[in-house]
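Note that the protein sequences, when read in sequence, are chains A and B. Just so we're aligned: 71 in the working numbering is position 71 of the first sequence, and the numbers increase by one with no gaps anywhere. Just so we're aligned: 584 in the working numbering is position 584 of the second sequence, and the numbers increase by one with no gaps anywhere.
Do not take every clue at face value.
A few chain A residues facing chain B, derived, Cβ under 8 Å [to be verified]:
1) G44
2) Y45
3) E48
4) Q51
5) E67
6) L89
7) Y94
To be clear, the hints were calculated from the coordinates, so they are not data collected in a lab. Every residue gets a Cβ at the ideal spot worked out from N, C-alpha and C, and that includes glycine.
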Amino acid sequence: MSKSSIAFNGTKEQESQLKSFISAHKSDPGPLIMIMQEAQKIYGYLPEEVQRIISKELNIPMEKVYEVATFYAQFNLVPRGQYHISVCLGTACYVKGSGKILEAIEKQLKIKNGECTADRKFSLDSCRCLGACGLAPVMKVNEEVYGKLTPDMVSKILAEFK
Amino acid sequence: MKKTAKKTVAKKTTKKVVAKAKTTKAKATKATTKKVDSKVQNKMLNIKINGIDYKAPVGSTILEACRLANIEIPTLCFLKDLNEIAACRICMVEVKNARSLVAACVYPINEGIEIFTNTKRVVESRKKTIELILSNHRMDCLSCVRSGNCELLALARANGVDDTKYQGAKTPTKIDDSAVHLIRDNSKCVLCRRCIAACSKLQSVGVIGTNNRGFKTIVGSQFDMPLGETSCVHCGQCINVCPVGALYEKSDADKVLDAIRDPEKFVVVQTAPAVRATIAEEFGAPIGTNGEGKMVAALRRIGFDKVFDTDFAADLTIMEEGTELIDRIKSKKAVLPMITSCSPGWIKFIENYYPDLLPHLSTCKSPQQMFGATLKTYYAHKNKIDPKKIVSVSIMPCTAKKFEIHREDQSAAGKGMPDLDYTMTTRELARMIKKLGIDWNSLPEEEFDSPMGTDTGAAVIFGASGGVMEAALRTAAEVLAGKKMKSLDYKEVRGMKGIKEASYTIKKGLTVKVAVASGTANARVLLDAIREGKADYQFIEIMCCPGGCINGGGQPQVSAHIRNTVDFRQKRAEVLYKQDKSMKLRKSHENPDIQKLYKEWFGKPGSEKAHHALHTSYVKRDWT
């Protein structure tokens, strides 16, 4: 994971919300992950600017924050789009060709797996098993599940959200 | 010092006990075991290693217990008290009734435990682990800078591994050469995390860590920021603890050789006090060998026009810094405590992390820079050499010096004539000596050139933590008291303790309270105290590296095996204290060539001319 190319648009309110959360919890034992979760709740993701706030407020090196952010799958370094797409690359879906589905989405949205479109409308991720192997290959757009996909169905589905 | 002495006694006693245990087995008396370690309530446990009975103190790990019994278990990531994370899985051993192999470095012993260190299962596991590490390691052992002392190579050899057993994808990596002092080549990194532990725990800098997860894990900085853009202090402690060739200094050695080969250039070298205490190690001598004479001879044979000693400038530093201290103590209004400014890693640290405390820092340049400044002004003038033709080179125990020589305000002779042109580490010099076919062992002992090779005992001890303090006290005490002092030994500030404090009554009504810290994690303690207004010292010495320059980031690498069992820093420091003790002149202000330098050039310490050439200013920075 590396820096997101999408400009940070955090507000003063978000910053003060995060800072007051940190000052309330900084003396708790091992507060870092909890603070990072809260920051993600506030901003939707953990860009460099947000990690810097956490580092400065806790007086710990920024690398300590980044280390945790890149270790746990729960933390996003790029923003989530209005519509978040998750393509299942679990065994069943993969065998049924979900790799091709992912490729088709990447091509259509002109972003790579793990990225977000510049207008923040769509973000794309892969996941491991949504528990609907009978419908393989499967993907999710926000909470909506789409099954028995073929690459040429992709543009039609995405059009629903434009 | 006292504490160190006690420790040695304790160690000896432990050995005795184990020796006894071997012969009389269960008969080790309670009276003897009491002395072993009061922390663990004097209790010894009965254990069995490879079928033989031993005793080991409660609280020991399997690794420690085996070491007491002189049974060696190989390790890779383990560094005592620093990196005890059981990451590499090299030290796996078998324990009777345990479900799986256990990591000896962290597994605590219990009464009756039966340990097996060399079963087929253990040996095969160890071999496979090394083979898997090698499968993701770029092996250019023929040209690798660590070929001679690579810990991974040694493990591979000792365990007869097949280095091509597992072929496949390798973690994608890039070489980071953004920092001025080092190169990180993650294609050789074994992810032992020793560098990370050194950076965060010893130095409390923490600009490197493990990014990503699983196969994609690499050592790096946040958002893959190049190291040169972080608040790295350039101390090089990460290089010192790296078991392989993933971290090494950026070298100007070839440029130095080019300058030597250029007949137009007058190439002068200076060597730091701490280099003589360690360089012989690179040629197989035991830790604690003084290599001064052979080092001087080697430098002459390399072809330097003059071989001088940074010690000369260390004496000069004491004159300037001592005068500054005396002035500050006398002035009442001046900022106290004053802190030493010899260590460029430390300077970078305070600039990054405590910029508000910069007024506490002495304005003196480091001895290296004072030397260069004097060389290109006084020496050039006196010997009618155009300073533009002088190439000023230093051999330093330090990687931060590579940063320091490029700092602003470090060219006393004028623009385009930096005080220092190149600096090399102890390791680089050793490599150069080997490369040029100079046989260290048959070198004669030679002496430094005059006049900038003249030194005193006070200068020699600059290389150990507490040395600058002691040297300054030797001079300042005599000036403040107005008479010769009886004792020149300030033993309270010696030794390898992270923070040392002492008070000295110079004369009636004048007591000087001092503190010494080495390793920037320890420095933080003193700096926080200053910030809180709780530090009533007049003078503080801070060295960036733990133990001072004898353990600098440019010094010969000490393998983990030795690090974990020998106090190598103390042994190196003893070289310097021994040399100091044997010298006729032991106070900086008694150095005849320093006296001459002031008479002929600078006037008196702290003069305007001295200020221009020998003092500097600092920059406020931020940290990442």
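Here is how each hint holds up against the structure:
1. G44: violated, 18 Å
2. Y45: violated, 13 Å
3. E48: Nearest chain B Cβ about 6 Å off; hint holds.
4. Q51: holds, 7 Å
5. E67: Where the cut-off is 8 Å and the nearest Cβ of chain B is about 4 Å from A:E67, the hint holds.
6. L89: violated, 15 Å
7. Y94: It is violated, given that the least Cβ distance between A:Y94 and chain B is near 18 Å, above 8 Å.
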